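**Q** Each chain, written out:
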Amino acid sequence: MASKLTQSNRAGWAFALPGFGLIAAFIILPFFFAFGLSLTDQRLVSPNATQFVGLENYRDMLGLGLVTLEPERDEAGEIVRDEDGLPQYPRVRTITRSDEYPQYSGMGEWFSWSSGDTVKVVLASDVVFWRALANTLLFVLIVAPVQAACALGLALLINQRLRGINVFRALYFMPVVVSIVVVSLLWRFIYDGRDGLLNSMLGFLSFGAFEGHDWLGDPATALPAIMAMSIWQAVGFHMVIWLAGLQTISPTLYEAADIEGASKWQRFRYVTWPGLRNTAVLILIVITMQAFALFAQIDVMTNGGPLDSTQTLVFQAVERGYGRQDISGGSTISVVLFLLVLTISLIQRWLTRERK
Amino acid sequence: MAEVRLRNVRKSFGKAEVIKGVDIDIEDGEFVVFVGPSGCGKSTLLRMIAGLEDITSGTLEIGGRVVNDIQPKERGIAMVFQTYAIFPHMTVRENMAFGLTISGAGKEEKKTKVQEAARILQMEHLLDRRPSQLSGGQRQRVAIGRAIVRDPQVFLFDEPLSNLDAALRMSMRMEIGKLHQTLGTSMIYVTHDQVEAMTLADKIVVLRGGEVMQVGSPMELYHEPANLFVAGFLGAPSMNFVEVKVEGVQGHEARVSAPALEPITVATKGRPIVAGDTAILGIRPQYLRPVADAEGMLHGTVELTERLGSETVVDVALRDGSKLIAALPEDTVLERGRNVGFDFDPAQAHLFPREEAMADAPH
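Top to bottom, those sequences are chains H and S. Heads up: the first sequence at position 304 corresponds to 304 in the UniProt record's numbering, and the numbers run straight through without jumps. Heads up: the second sequence at position 4 corresponds to 4 in the UniProt record's numbering, and the numbers run straight through without jumps.
If we strip away everything but chain H, and leave its shape as in the complex, we get (with noise of 0.2 Å):
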């Protein structure tokens, strides 16, 4: 075969080169160029030259401390209260910029929370970087199931003989073709915080006692609004192929299971299931890097804020690279997108696999 291959298929690898020169042009070497930029301190445009600078870019971005705040105490050494008997701790800045703490020095606040007395401060020498972090992943881990749930509970629905069945097969679709950017426009006027469509009927619904929110300017919202919002959007993609997954199981094995007595449940438990085991596993692969990849959204709709509360992975790269012309830290973010992907598939892969 490999001689077959090389040797006499001069033609063949000629039509094969302009593909195989684009996929490299375009796909295998910004990926290695990647790995190699996050190792400089390249920017977009500079008059300096550019260094290596080794890990460098890493440590910045991931470097994280944790460090314990005593409450402040007087010369008895009673606990220094304020007018609402709440006690007093020294601020985060007298660590992060004393040259007693150089381990500290540069980071910021990512969260707190107390503990008894004293209060445990996280720092993030790039705390920008892990909001998006959390936020991306957060965004896996709702959407992810959700999507893929809702997507089965349609092919069901929609895997039936009915009259007309194919009209709400092309309506569940119809999001899908049209693009993210027009889907992520319509919605930021759904959401509007005045007059949106969401305010607008809720208000209707609750007779005028729901008075509007503004869902992607409140930082507790706006999230969940995105999320909402990509679940709906691609749900249809999702659907066709558990469609297809459906489609591929025998309707003898029903009917044997009919025979046996099984209740709809039982079916579902038994045949169903089972037969869309590789299906399953493809959807959630799917979704999962799709979720991972967030970014048209985020742009469109709040470009990440507010207070940062949808910063993503993806976002941040972008916002780095081209944004603030830091081609070192856009291709860091993306090696450790790509990482963590990579670990993720590989988990799926080996939880869903075959078993002997």
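In case anyone wonders, no lab produced these hints; they're calculated from the structure. Certain hints may be false.
If you want a taste of the chain H side facing chain S, the calculated C-beta under 10 Å gives, among others [claimed, not checked]:
#: 1; residue: Leu86
#: 2; residue: Tyr89
#: 3; residue: Ala256
#: 4; residue: Gly261
#: 5; residue: Val271
#: 6; residue: Gln290
#: 7; residue: Ala293
Okay, the calculated beta carbon distance ranges per label pair [stated by the list, open to error]:
#: 8; chain 1: S; residue 1: Glu116; chain 2: H; residue 2: Ile165; range: 55 to 61 Å
#: 9; chain 1: S; residue 1: Asp128; chain 2: H; residue 2: Gly116; range: 33 to 39 Å
#: 10; chain 1: H; residue 1: Ile249; chain 2: S; residue 2: Asp23; range: 36 to 42 Å
#: 11; chain 1: H; residue 1: Thr248; chain 2: S; residue 2: Asp151; range: 29 to 35 Å
Some residues of chain S that are not near chain H, with every Cβ distance over 12 Å (derived) [said to hold, decoys possible]:
#: 12; residue: Lys20
#: 13; residue: Glu74
#: 14; residue: Pro88
#: 15; residue: Leu100
#: 16; residue: Pro259
#: 17; residue: Gln286
#: 18; residue: Arg319
Computed from a prediction, not measured in an experiment: that's the story for all the values here. Using N, Cα and C, we set each Cβ at its ideal position, and we do this for glycine too.
Fit chain S to the supplied structure of chain H, relying on the hints for placement.
**A** Here is chain S on its own, set in the frame of chain H:
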């Protein structure tokens, strides 16, 4: 007590009626085969008995109880499908115990019942395998095992051997025959293969176009076919049909002749044969004896000889140009182009009215 009775059973899909009023009685412990060409409704009929298809009208009784509107599970039946319908993700053991799992039976009950079925089918060593590790015959055995575990009053088989290769088909056919002897349960078996029908059945039901053509034991059907269709359907090679002229009818006998046939007298068996009409004379290829051209009752020229070892099949062109097939014992050699005569016993021939042939378009 598990006799099955169908009374004027009909089935329509929209406007198309596929089962046109069928009456069949299946006694307890009987092995009944539904046979017929594809599209005759035999599988539909079986699926109606199983409860996988509704019965449009008529009644279906199993064990003295009308089950028209009863769920498949409650009918006391088990079904074996052509495509096995075993679950690929379960082991053989789990597949066989599936019905018990569904009804929430205990571990012990499952174990004993599966062991018992596996013992009957001699497949204890396969219990922990998965279907992908089994051959076609073994898979079908799993499906039969699952049916046995259900302990049904009636077994239903829907072309269970059609997906197997020829050698396996024969051994599985024998196994199913033995299984019936061992269990003594009523079995209904659908096939388009007349060998399966002839060898397995206590009673054969021949179907065509949603109607019963004849019901009877294999030998009854072979020797006394009720009509042209049954005559042509059973037996291999199939029965020869010679168009003849009815010269005269006397009582239960008719005198017939044809250009290639010497005048003979054949029993009419109560069929409407009228003097002066054209009729169809049926003779099985096995009942033809080759003789010298001048002595035979049929005259023709040998066109092709196929020697099978156990018999020799000879294609003959009769004098009027029509075809005749003779199955001769063992290695009889008749060279091509030779004029030959055939003799037969008129008592073994059948006479059918011409109208039946018109309705049939002989195959």
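**Q** Evaluate each hint against the coordinates.
**A** Against the structure, the hints come out as follows:
1. Leu86: 59 Å, violated
2. Tyr89: 58 Å, violated
3. Ala256: At about 4 Å, which falls below the 10 Å cut-off, the nearest Cβ of chain S leaves the hint on H:Ala256 intact, so it holds.
4. Gly261: 3 Å, holds
5. Val271: Interface hint status for H:Val271: holds (7 Å vs cutoff 10 Å).
6. Gln290: This interface hint is violated because 28 Å lies over the 10 Å limit.
7. Ala293: Constraint on H:Ala293 not satisfied, violated at 32 Å.
8. S:Glu116 / H:Ile165: 55 to 61 Å: About 45 Å separates the Cβ atoms of S:Glu116 and H:Ile165, which means 55 to 61 Å is violated.
9. S:Asp128 / H:Gly116: 33 to 39 Å: Given a distance of about 57 Å, which is not inside 33 to 39 Å, the answer is violated.
10. H:Ile249 / S:Asp23: 36 to 42 Å: Because 37 Å falls inside the window, the suggested range holds.
11. H:Thr248 / S:Asp151: 29 to 35 Å: 33 Å, holds
12. Lys20: 24 Å, holds
13. Glu74: 8 Å, violated
14. Pro88: The claim breaks: S:Pro88 does not keep its Cβ more than 12 Å from every Cβ of chain H (closest is about 8 Å).
15. Leu100: Nearest chain H Cβ is 9 Å from S:Leu100, so the label is violated.
16. Pro259: It holds; S:Pro259 is separated from chain H by about 53 Å at its closest Cβ, greater than 12 Å.
17. Gln286: 39 Å, holds
18. Arg319: Label holds. Min Cβ-Cβ 53 Å, cutoff 12 Å.
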